[in-house]
Amino acid sequence: MEYLIEMTGIHKSFSSVQVLKNAAFRLKAGEIHALMGENGAGKSTLMKILTGVYKADAGTIKVKGKETAFANPTEAENSGVAIIHQELNIIPKLTVAENMFLGRQLVYGRTGILRDKEMKNKTREYMQRLGVELDPDAVAESLSIGQQQMIEIAKALSKNAEVLIMDEPTAALTDREIESLFQIMNQLRSEGVGIVYISHRMEEIFRMCDEISVLRDGSFLGTEQTASTTVQHIVRLMVGREIGDRYPERRTVIGSERLRVSGLSDGKKLNDISFSVKAGEIVGVAGLMGAGRTEIMRLLFGADKKKKGQVWLDGKVVNISDPASAIQAGIVFVTEDRKHQGLILDMSVRENLSLTNYPFIAGKGIISSGKEQELSEQMIKRFNIRTRDAEQTVKSLSGGNQQKIAIGKWLGKLPKVFIMDEPTRGVDVGAKKEIYSMMNELSEQGVAIIMVSSDLPEVLGVSDRVIVVHEGRIASVLDKTQMNQEAIMHAATGGSSNGH
Amino acid sequence: MAIKNKQLSTVLQKLGPLIGLCIIVLILILSSPNFLTINNILNVFRQVSINALIAFGMTFVILTGGIDLSVGATLALSGALTAGMMSSGLDPITAVIIGLLAGAVMGAVNGLLVTKTNIAPFIATLATMTIYRGLALVYTDGRPITGFNSEFFTMIGGGYFFGVPVPVMITIILFAVLYFILRKTTFGRNVYAIGGNEEASRLSGIKTGRFKIYVYTLTGLLSSLAGIILASRLNSAQANAGTGYELDAIAAVVLGGTSLSGGRGWIVGTLVGALIIGVLNNGLNLMGVSSFYQQVVKGLVILLAVLLDRKKASS
Chain A
1 MEYLIEMTGI HKSFSSVQVL KNAAFRLKAG EIHALMGENG AGKSTLMKIL
51 TGVYKADAGT IKVKGKETAF ANPTEAENSG VAIIHQELNI IPKLTVAENM
101 FLGRQLVYGR TGILRDKEMK NKTREYMQRL GVELDPDAVA ESLSIGQQQM
151 IEIAKALSKN AEVLIMDEPT AALTDREIES LFQIMNQLRS EGVGIVYISH
201 RMEEIFRMCD EISVLRDGSF LGTEQTASTT VQHIVRLMVG REIGDRYPER
251 RTVIGSERLR VSGLSDGKKL NDISFSVKAG EIVGVAGLMG AGRTEIMRLL
301 FGADKKKKGQ VWLDGKVVNI SDPASAIQAG IVFVTEDRKH QGLILDMSVR
351 ENLSLTNYPF IAGKGIISSG KEQELSEQMI KRFNIRTRDA EQTVKSLSGG
401 NQQKIAIGKW LGKLPKVFIM DEPTRGVDVG AKKEIYSMMN ELSEQGVAII
451 MVSSDLPEVL GVSDRVIVVH EGRIASVLDK TQMNQEAIMH AATGGSSNGH
Chain B
1 MAIKNKQLST VLQKLGPLIG LCIIVLILIL SSPNFLTINN ILNVFRQVSI
51 NALIAFGMTF VILTGGIDLS VGATLALSGA LTAGMMSSGL DPITAVIIGL
101 LAGAVMGAVN GLLVTKTNIA PFIATLATMT IYRGLALVYT DGRPITGFNS
151 EFFTMIGGGY FFGVPVPVMI TIILFAVLYF ILRKTTFGRN VYAIGGNEEA
201 SRLSGIKTGR FKIYVYTLTG LLSSLAGIIL ASRLNSAQAN AGTGYELDAI
251 AAVVLGGTSL SGGRGWIVGT LVGALIIGVL NNGLNLMGVS SFYQQVVKGL
301 VILLAVLLDR KKASS
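Protein chains in written order, with UniProt numbering: chain A, 1 to 500; chain B, 1 to 315.
You can take every hint at face value.
Quick list of in silico lysine-lysine cross-link-like pairs, DSS-like style, CA-CA up to 25 Å:
| hint | chain 1 | residue 1 | chain 2 | residue 2 |
| --- | --- | --- | --- | --- |
| 1 | B | K116 | A | K307 |
| 2 | B | K207 | A | K307 |
| 3 | B | K207 | A | K395 |
| 4 | B | K207 | A | K306 |
| 5 | B | K207 | A | K413 |
| 6 | A | K371 | B | K207 |
| 7 | A | K305 | B | K207 |
| 8 | A | K339 | A | K93 |
The set of hints was computed from the structure by calculation and includes no laboratory data.
Computed from a prediction, not measured in an experiment: that's the story for all the values here.
Could you put the whole structure together from the sequences, leaning on the hints where they help?
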């Protein structure tokens, strides 16, 4: 059997920490192969070694049967191995076409004069092949994250890759975009391209992939045929223990109304948003990318200025003019983009946790080092944050642990309303479950939780009620008996106004 | 082992500027017999205190990710106002207080421009720099204001307190206070947070606009204090005082290892940076190096310091 990629006995250490121990990976032509493991298991490192970002300390890499070690990603690309990174490599101020051809612009001869029209046409062509409508002249920063990701995918396709590595490609895509991506993947598979698919979404993996390879703590644990394995088995391999059901059991008592929002508008996209959440309730907010879910939450939290609308907390009108006043009133917000909006990456775990908890560590503006130390140690323990110590910079933690800080920093005091925007994006199975348990615990203590999520199984698995947003309006509110995938998608795509 | 190495390298990085200062001092001691005399050392400290005070404020501004180009002009305008009011018969203490308040207001204006109009700090303070300097020229009519017959006022720049020059004393006290604020208070923590990630800070409930206004106000206040000290020492205030001081202050901050993009740095480094510049000036003077060459040397030292810093940061 000829393999496209054959990696064996790969070892890699970073400053005396061993990240990969005897890792292996094999990819055949014309297959979609999932690479799974918890955050920090070594998936990304292994792929970075394959594409020449890092050098392995030991081990062999064969590409199409020939032993190879790419010196850098460009060399890998030229040999037909392309990677779509989880972190977007898009330059915000450039257009779609300019991003597509970045570093390999088409020019007239050797003049350096750009063949603009040709590049735009090519861009249009690739976008059509992906089934997305994107103006080649659109500036990247004006697009949604999902649309930006489409640029990356189109870019990789345009390089005629034989091996395509996709690191969490669907994390920020809408369902429609995911469908067209899957179609493209199927098409590429039939053309003989080998696809490495890294994702935390079990449904997608079991739907799309032929084989699943699992890494744990940097070691290769085996490859399973998707057709003959189960989610439970894969999860057990990944975490090395049973973690039980994916969604912890809810045993909540739903109380009286906590939050009421009435007639919220921003004068632009959002119109007449009204809903309420009860104490102890988890309300899921579903909708397509760009429907306005995040914008509603930002308005409610005072991050953006509202034009109209009123907010009641426990029956009393509250005036929210900025995030500080929202927090004062007991409304807190975990943003969807933890790196740019949730955390201060260069600061330590301790400092990030302190920022929202001054009342507990500082009197009259002077911080007590002892109390601060105590608070951060307590929180690290309470939220099971895996960090060397409280002084480690947040930047160097895994996504799951960063997210636990972004959530945990709000829990020094019990909030009244907890808004969470994509709380488990880019987080592994184990950490996901910990976050769900945290949400459960909070709701048991009477916190009203609003969870915006693009992961439908998650919305259905966690929520007591679902609000569906469509084009800046609330299209439907579904209770437990009405909640299902079809009803949500129906409302999210503008189907009907009441979920029936 | 790796952890220990990392701690060691951060310590080294923080100590880097101090080691540089020691090397320069050592060279000067060996090459110029007049350097290590009590008189000369006090003189250096007195000269350094003016740049240090401005640079302290600049450290706060830069830590929030901003910059303030108007400090030199603020120094000139508040020095001139104080001197002008005294020469028109106002009580010196009141005049000094008004001078300080004027500096604070000029800083607050910078802060308001930066936060309320969203003009980039570089542009906003470039504009106010020109405005403040212009106002100083208007106020003084382009002529120096001299001849203050106030013991109190002369003491600010020229007096001694237990053998230590008053400006040096003021600088040491303010250094201690500002060090404490940055290290130990929520205000200081917010300054770092805003520079590290302004949007995340705002969404964490920090009133980022308000704190930025405070920081620019503080810088204006410190600049006016420097202006009053300078006017007192020279027994004269003029509209062109402090020209180019903004660059010396920025140089001191950068030499001290504070990141121009904000969020990282410390005020101890700034003090050391100001000392490096001051000692270098003084030493080159003693060695009889022409003031033209002095500038070249100063520039080279800044380049060298930043390059070394970057090397350490990347290793």
